[in-house]
Amino acid sequence: MTMALQSTLKNMVLSLGIICLASSAILAGVYALTKEPIEAAAAAKTNNAIRQVLPEFDGEPEMASIEAGGQSYDYYVVNKGGAVAGYAITASASGFGGPVTVMVGITADGIVYNTSVLSQSETPGLGAKCTEPEFAGQFKNLDPSKTKLAVKKDGGDIDAITASTITSRAYIVAVNNALAIYKAIREGSAPDVSTGASVEDAQTEK
Amino acid sequence: MGKFKLITKGLVKENPTFVLLLGMCPTLATTTSAINGMGMGLATMFVLVLSNMAISATAPYIPDKVRIPSYIVIIAAFVTVLQFIMQAYTPAMYETLGLFIPLIVVNCIVLGRAEAFANKNSVIDSACDGLGIGLGFTMSLTILGLVREILGSGSAFGFKFISGDGILAFVLAPGAFLALAYLIVLFRKITKMN
Chain A
1 MTMALQSTLK
11 NMVLSLGIIC
21 LASSAILAGV
31 YALTKEPIEA
41 AAAAKTNNAI
51 RQVLPEFDGE
61 PEMASIEAGG
71 QSYDYYVVNK
81 GGAVAGYAIT
91 ASASGFGGPV
101 TVMVGITADG
111 IVYNTSVLSQ
121 SETPGLGAKC
131 TEPEFAGQFK
141 NLDPSKTKLA
151 VKKDGGDIDA
161 ITASTITSRA
171 YIVAVNNALA
181 IYKAIREGSA
191 PDVSTGASVE
201 DAQTEK
Chain B
1 MGKFKLITKG
11 LVKENPTFVL
21 LLGMCPTLAT
31 TTSAINGMGM
41 GLATMFVLVL
51 SNMAISATAP
61 YIPDKVRIPS
71 YIVIIAAFVT
81 VLQFIMQAYT
91 PAMYETLGLF
101 IPLIVVNCIV
111 LGRAEAFANK
121 NSVIDSACDG
131 LGIGLGFTMS
141 LTILGLVREI
151 LGSGSAFGFK
161 FISGDGILAF
171 VLAPGAFLAL
181 AYLIVLFRKI
191 TKMN
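Going down the list, the protein sequences come from chains A and B. Residue numbers are given in our numbering: position 200 of the first sequence equals residue 200, and the series is strictly consecutive. Residue numbers are given in our numbering: position 188 of the second sequence equals residue 188, and the series is strictly consecutive.
Because the hints were derived from the structure by calculation, they are not lab data. Misleading hints may appear alongside valid ones.
[As the list claims (entries may be wrong)] Cross-link-like lysine-lysine pairs, in silico, BS3-like; alpha carbons within 30 Å at most:
(1) Lys160(B) / Lys3(B)
(2) Lys129(A) / Lys192(B)
(3) Lys140(A) / Lys160(B)
(4) Lys65(B) / Lys10(A)
(5) Lys45(A) / Lys160(B)
(6) Lys129(A) / Lys183(A)
(7) Lys10(A) / Lys120(B)
(8) Lys153(A) / Lys129(A)
(9) Lys183(A) / Lys148(A)
(10) Lys10(A) / Lys80(A)
(11) Lys120(B) / Lys5(B)
All chains, please: the whole structure from these sequences, using the hints.
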């Protein structure tokens, strides 16, 4: 082995200090270089999701937020022909493997136009199927006043994903939360937001 | 040892996954598909080559008693660089691998190569060693991911060749252990024959 420096206090402090300094300098440089692409990538992702969940609109979506129950919710407003065309609202609920975050597009007349999963960590092959059209397609052009937003097992109108009731419920809770936020945006009242599946349902998904 | 041999030894004789059984945590967790396994392997290889080179270059100036903290700082710096780059240019892969990217810092392959090889060999040799071990890791994770993807979801590198699901257990954790165990058996059998 190459003869290392003596382990005196001075040597140790100096070498560690220099290594830390050099490392942070490199990190600062890379951070500055990648800051813009990272923001662009995140913005592109959000914009894609908005375009997916709402009908065609003019210009860029505007971000807004609403304060409710001590929490602030961000949402996007899109315009078409000078009038508000719809809202893209991000809502989440706890699923089987963590939060299921869904972007819900609601048009100005209160119809759920489409939904898109932003992030989820459900079981592959089971709950993770919530992104597939077979399940998610049920939320396309859905009129919340005509459809009962709950899985069939709970007396609702939505077909749950086979063997993934918790994920299905979480998805529905997220959509409901988005609808509550939508109501709040329209009326200016506090949304009634719940957190998701309860513990006693835990054995229904395997 | 020749440079070529330094690289190939990581593929077979000192294959980190099938022979040394190092870095089992990302191996089992991220190989749900061939692409994910390959992504994890390449990410680790990137860190391994750079950290091996940096550690080999700085080792003579690092006192013995602060050796490990110094290596960890160097490795962590490269992992964070990788994180920024992946977040910027491959956001989808970054999201799939998630927590396992920062966890490369504590991957025992990386620190293991620093301790066992990089701090007593030249920069070029260390780069070759990192490349070889990294390639071995990438190859193993891709194969494991491929096997799990074929059996579990009926697809290979994202191309589905059966309709419906495969044997779901292979996408889940138990399948990872099973597939890895059989691959190790197979790998040992083949290497013994030669």
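Structure-based check of each hint:
Distance restraint check for Lys160(B) and Lys3(B): the Cα-Cα separation of roughly 40 Å exceeds the 30 Å cut-off, and the hinted pair is therefore not satisfied. The suggested pairing of Lys129(A) with Lys192(B) is violated, with an alpha-carbon distance near 42 Å, which exceeds 30 Å. Among the hinted pairs, Lys140(A) with Lys160(B) is consistent with the structure: their alpha-carbon atoms are about 26 Å apart, no more than 30 Å. With a C-alpha separation of about 12 Å, the suggested pair Lys65(B) and Lys10(A) falls inside the 30 Å cut-off, and the hint holds.
As the CA atoms of Lys45(A) and Lys160(B) are separated by approximately 25 Å, the hinted pair is consistent with the 30 Å bound. Distance restraint check for Lys129(A) and Lys183(A): the Cα-Cα separation of roughly 29 Å lies within the 30 Å cut-off, and the hinted pair is therefore satisfied. Restraint check for Lys10(A) and Lys120(B): satisfied, since their Cα atoms lie roughly 23 Å apart, inside the 30 Å limit. Using a Cα cut-off of 30 Å, the hinted pair Lys153(A) and Lys129(A) holds, with the two alpha carbons roughly 18 Å apart.
Distance check on the hinted pair: Lys183(A) and Lys148(A) sit about 17 Å apart at the alpha-carbon level, within 30 Å; holds. For the hint linking Lys10(A) to Lys80(A), the alpha-carbon distance of about 68 Å lies beyond 30 Å, and the restraint is violated. Note on Lys120(B) and Lys5(B): the hinted pairing holds, with a Cα-Cα distance of about 18 Å set against a maximum of 30 Å.
Hints 1, 2 and 10, counting from the list given before, are not met by this structure.
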